[in-house]
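Taking the hints as your guide, dock the two standalone chains into a single complex.
These protein sequence lines are chains A and B, in that order. As numbered in this note's numbering, residues 13 to 325 make up the first sequence, in order. As numbered in this note's numbering, residues 23 to 305 make up the second sequence, in order.
It is possible that part of the hints are untrue.
When the alpha-carbon atoms are kept at most 25 Å apart in a straight line, the in silico DMTMM-like pairs for lysine to aspartate or glutamate are as follows [what the hints assert, rightly or not]:
1. K170/A - E166/B
2. K57/A - D70/A
3. K236/A - E112/A
4. K286/A - D312/A
5. K170/A - D296/B
6. K135/A - D296/B
7. K135/A - D222/A
8. K71/A - D53/A
9. K286/A - E166/B
10. K236/A - E221/A
11. K286/A - D207/B
12. K170/A - E89/B
13. K286/A - E66/A
14. K286/A - D141/A
15. K286/A - D79/A
16. K286/A - D45/A
These aren't lab readings, by the way, just hints derived from the structure by calculation. Remember, predicted model here, so these are calculated numbers, not experimental data.
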Amino acid sequence: MIAYTIRRVLIAIPTLLIVLTITFVLIRIAPGDPAEVRLGDYASKEAVEALRREMGLDKSMWSQYLDTLNGLLQGNFGRSMVNGRPISQDLRRSLPYTVELTLVGIIFGAVFGIPTGVYTALKRNTLADYMGRTLSLGGLSFPTFYLGILLMLAFAIKIPMFPVVGGGDIHNLRSNLYHLFLPGLTLGLIMTAYVTRMARSSVLNILNEDYVRTARAKGLTERKVIYVHLLRNALLPIIALIGVYSIVLIGGSVMVEIVFSRPGLGKMMIGALKQRDYTTLQAVMITFTSFVILINLITDLTYGLIDPRVRYK
Amino acid sequence: MKQPSMRRKILRTFLRNRTSIIGACISMAMLSIAILAPWISPYDPLRQNVYYRLTPPERSHPLGTDEYGRDVLSRIFAGARISFIVGMASMAFGMIIGTAMGMIGGYAGGKLETALMRILDILMSFPDEVFGVMVMIVLGPGLENVIIAITVLMIPRFARMGHAPTLAIKEVDYIASAKSIGASDSRIIIRHILPNIFGEILVMGTLWLGTAIRLEASLSFLGVGVPPPTPTLGNMVRVGVDFLAVAPWVSVFAGLAILISIFGFNLLGDGLRDITDPKLYAR
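The following block holds chain B by itself, in its conformation from the complex (with noise of 0.2 Å):
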């Protein structure tokens, strides 16, 4: 096999971080909207207006309006905003408590860690959709209920990203030096444990934040989600399906505005991870 040359090596990390740059370039075009959404909205999203209900996209309505004459790039805004504020929450709380429970589990070991183990492996075998309505049929619709729904899908992934290496890194000598000169348990996870993992946690939490964005999408297209008439990015594209023959702009453009969301958080996380892995530059 060739050994790839210095420049092809250079060129390579040059694209990969190239890829990561794009998908941050991204991630904070579409998170400055959501933050500035109220100020940046041509019109009130929830202004309705019955001479220009689905209207095509033109120079005072560049994205169309919808069934109720609604401006569909105000509304596009708004609803980024509801995605962002639930995707970044429900990852945040996922990560801050499925992390402490992986870790926690992975070190104390015994029967506490194998139940806990065993509950998010079965918990983890329902399709998160599944899931997800289900949770929000029992606590009702609103943004909090949706945040939390998310939240308990996302602690699994971040359960076992804690377990595993929290398995592996108790057993090695600086612990035992640590538990040595009297350090406490919690001390030690946070001082001793906690750090040799949480890069690898922040890159898969910004992967998963995509994934949370989409689940937000998911359950407001389900019609389970944050309920109207506040915006949401999956709602629209929800009720943008029975016009789709006539006004296909409001489903599409919701929908892209999903894409690109993820898409960007996709990309960071996929390009943080390969900058980080040591594994891959050896390749």
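Next up, chain A with everything else stripped away, as it sits in the complex (with noise of 0.2 Å):
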């Protein structure tokens, strides 16, 4: 398992510098640069030239790439090219926020999807089958920043239970969970609705198995039929699942970020992007990318926990 992991790191690397890559390219052929916007629309062009020469802007593509790629090597991601700060500094401020939300999106979205997805697959096609459906095909409709701003409009304006905005001190327990209520509430349920679609075609999918078919044969009461030999192997593709939808909990969090004006890497990022802070954008950029990456290795460890026959090879 061990090597198993070591291996999936590795396999990472071409993809962070793939992603890293995209993202230079991407942004430096925007039009505007960090020079012009730190120094505003009425700046002399001489003084545009002489920032950008400072942040190394007037060199090559080619050589801002390599220096871009030596900075990671030594664990550098540089300082921000519109606040001057050192972005580790930033990065170490921001993260502890997305960290919590997506990790309070993921456990509420599998605690009432899982239940709910299974329920409704075992009683499929009644009432609450449908009702069920029908819940979680809305959520899935359900824009993220418009559900944050409705939770927002009657938790927080309405009923003043919970802050507008903001994302409170992080080091405050208090303060932090009043402050993370109505984020994670909201990308819960955006998760929920996802969650609970797959578990219950993956409890359709099992019902026909044949070890399940046998099971009732041999008269296992229905208690034990369902919590042995269905449960068991339906988590499987519901955590391989949860893996593939980690991108939809990142782009989630970003909105939701925006939504309720959290100081975590989705506003940094979008920040990043308007103001064209080329050095911030990569930095975050790898970090998310990294992120994914993770909740997919941890996702696929779980596996063998669950699943005997997995082997990591």
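Quick look at the structure:
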């Protein structure tokens, strides 16, 4: 398993490199650059040129790329091109907000989505099933930002129970949870819709398996069939799909952070994109991609705990 | 396990069809609004009226007015038009380009296929919203550019849809027969492989039309979509957030229009998928 983990981490390196390259090229061919943004519309051409030189933007794309790679190999993200602070410092400050939000989203989604999905599959074609399916399809149709705004309107403005915006103090548990509640609920509800659907179809697939029929034929109680034979096998594809939906999770967390002005990675990324903060954007994209790779690795390793047939070679 | 009775089977089929019928009705209603917007709008969506700023819903303005006194209902009609233009165009272009890429890659095989699918995999490892914003920032704002950006996001999905079945179908005997009587590669792809996967692709296209509309809304919500003064639903939601405490109707109704449009296509696509999937009938 350790060898497997190491190999997976090694395979991730080219992926990270390609993501970095795509980001690097796209943001640089976009009109405008950080020197113009920093000096504003009325700056003289000479001033912009001077700042460009200072930032190293007058060098060729290729040598900038090599500089970036060189910095990354030394574990150094460099400094922000807009505010001049070391990026690692900003990342350390933002990362916890995004990590806690996505964790809440994925756990909420699993805790509510898996039982609902399993239940509606077992009770399929009943009223409960149709209601569950319609609700989860409704959840899939909800733009994340709209759900966030509705919850904000209901529980922060009409009934002022929770704060409208902000991330709270990450070191103060109370303030942190208080600010996390509505964003977490938004992302959690969206994830629940996804998880419910895949849990339902995964159980439906297994209901037709031979071993379920055998278990029933040998006279096991329905309880035993469900808990021992069905659930354990159904969990596997569900966990795999949670890995697949980590993209949806990250995309959702970006929108949620924008709606609730949480100072997380998503907000950092959109800010960096709009201000053409090349270095910050590259660092955030690498962090996001590593995050997705990590979630996928964890889900793959969880496989082995649930299914003894899986061997890591 | 109890076998479902005939009556239940009929009921089930009916209910399945009902889902798609409801979905079709919602989609057609929203589509008609989008098409007829210029004729059915009570007001000019751009006309400002300082005396009617942030007016709550009332008889003359059924969904209220925004911060410039513009009629929210008329703006939603106009915004729905943009959503549908972007959604349908980008879905159609994505379908044509993506399916073609997937099928050609799957049919040709070899290095081309490996490289193509690897690139598409990596494009899909970016969250849609993130990659969409990046492409929009490169292209700059504008209706055509939003269509291009969302087309770029749609291509990998359709390419995967076209790729996997092509791999399986190209091994089948009738493809070998077609080849032996001298059919060209393009003829085989268009006449012999495409008809097999076309239904499935249309069904997924319906579902992804909802996705395309959601992406258009997300991009305009993030401020990188079709620029103002053209009304877009996402932008209305975004601007309305600033007035959420005093005038929630702007965001709420604009968002509701997005939600209903997407929900309609999702219901329709989901129903169609159930009806066209023979495996599900067996259950």
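Results for each hint:
1. Taking the CA atoms of K170/A and E166/B, the gap is near 39 Å; set against the 25 Å cutoff, the hint is violated.
2. For the given pair, K57/A sits about 14 Å from D70/A by alpha-carbon distance, which is consistent with the 25 Å threshold.
3. A distance of roughly 36 Å separates the Cα atoms of K236/A and E112/A; the hinted pair therefore is violated under the 25 Å criterion.
4. The straight-line distance between the Cα atoms of K286/A and D312/A is roughly 36 Å, outside the 25 Å bound, and the hint therefore fails.
5. Only pairs whose Cα atoms come within 25 Å are accepted, and K170/A paired with D296/B is rejected, the gap being roughly 41 Å.
6. In summary, the hint linking K135/A to D296/B is supported, as the alpha carbons are separated by about 17 Å, within the 25 Å threshold.
7. Only pairs whose Cα atoms come within 25 Å are accepted, and K135/A paired with D222/A is accepted, the gap being roughly 20 Å.
8. Only pairs whose Cα atoms come within 25 Å are accepted, and K71/A paired with D53/A is accepted, the gap being roughly 23 Å.
9. Only pairs whose Cα atoms come within 25 Å are accepted, and K286/A paired with E166/B is accepted, the gap being roughly 20 Å.
10. For the given pair, K236/A sits about 16 Å from E221/A by alpha-carbon distance, which is consistent with the 25 Å threshold.
11. Our distance criterion of 25 Å between C-alpha atoms is broken by K286/A and D207/B, whose separation comes to about 46 Å.
12. Between K170/A and E89/B the alpha-carbon distance is near 20 Å, which keeps this suggested pair within the 25 Å criterion.
13. Only pairs whose Cα atoms come within 25 Å are accepted, and K286/A paired with E66/A is accepted, the gap being roughly 21 Å.
14. Taking the CA atoms of K286/A and D141/A, the gap is about 44 Å. The hint is violated against a cut of 25 Å.
15. Simply put, K286/A and D79/A have alpha-carbon atoms about 23 Å apart, close enough for the 25 Å limit, and the pair holds.
16. Only pairs whose Cα atoms come within 25 Å are accepted, and K286/A paired with D45/A is accepted, the gap being roughly 10 Å.
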